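Student: Sequence:
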Amino acid sequence: MSYNGGKYSALVSHTACVGCGWNPVAAPSLWKTGGDCGTTTPPPTDPPPPTGSGIAAILSESTFNSMFPGRGPFYTYSALVAAANTFPGFATTGDITARKREVAAFLANIAHETGGLVYVEEINKSVMCDTSWGPPGCGCAPGKMYYGRGPIQLSWNGNYCAAGNALGVDLKNDPDRVARDATIAWRTGFWFWMTQAGAGSRPAHDSIVNGYGFGQTIMSINGALECYGRNPGQVQSRVNNYLNFTSKLGVDPGGNTGC
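If you use the UniProt record's numbering, the sequence shown corresponds to residues 1 to 259, in order.
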């Protein structure tokens, strides 16, 4: 307290000394000089829990930042949430365990693909044009390259065309948009996750929410190059990410994590 221009701290509570003259002059033995009542720094508080629906109800921005401490500025939390909300089934299917596992599994795979959300474009760039597959009429635009871009590292003209058709944007003629527009970039990742089986039997979304295990999400994303012993180091990198992220989200990872 302040008294006659000085600052004092009480040595006993007021109730312990009722009637004994409650000021530093009348009862000096009850006070010490210095101190500043009412300005004690409060103890730190835990960050607020996630709010909202979908991915925002599972993953807070602070947890996202802790998962990707070195991420580049392109991959923002707000763009992630905005993109996820355009796929209503993501992080909303099944019980809370299934929903948390899906968020952890998606982020674990894209962490591997992008070096922890550092890389927007593939390091070793090439044309990656193959007209033998993909949607009808999906050739390769003159001068365009279809190397990996975005969180899922969308690759090949067929995937750019299919993703663009689904999202309502022309990615055949402007594949670089995936590297310019963060929300579109995240949406290509969710498009592949929710709809494409890749080398697997079903899309990654279906595998994780129906209990087939994290390993089957790897199969859908890059199983032809990594699973069945083709590249165990790459598989383990994804698994390590998944175990880390499920721990951060407070959920058991389940079985069948490898492929």
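Be aware that a few hints might be false.
FRET-style restraints, in silico, Cβ to Cβ [to be verified]:
id	residue 1	residue 2	range
1	L243	G94	30 to 38 Å
2	P73	P232	28 to 36 Å
3	N124	T86	14 to 22 Å
4	A166	A57	23 to 31 Å
5	D252	S201	37 to 45 Å
What the hints contain is simulated information worked out from the structure, not anything from laboratory work.
This structure is a prediction, so every number in the text was calculated from the model and none was measured.
Note that CB positions come from ideal geometry on N, CA and C, so glycine has one too.
Student: Hints first: check each against the structure and report whether it holds.
Tutor: Hints and how they fare:
Look at L243 against G94: about 20 Å separates their beta carbons, and that is not inside 30 to 38 Å. Separation of P73 from P232 is about 33 Å and conforms to the stated range, judged on CB atoms against 28 to 36 Å. Our hint of 14 to 22 Å for N124 and T86 is violated, since their Cβ atoms are close to 30 Å apart. Range check, A166 to A57: about 25 Å between beta-carbon atoms, so the 23 to 31 Å window is met.
As the Cβ distance of D252 to S201 is approximately 24 Å, the hint placing it in 37 to 45 Å is violated.
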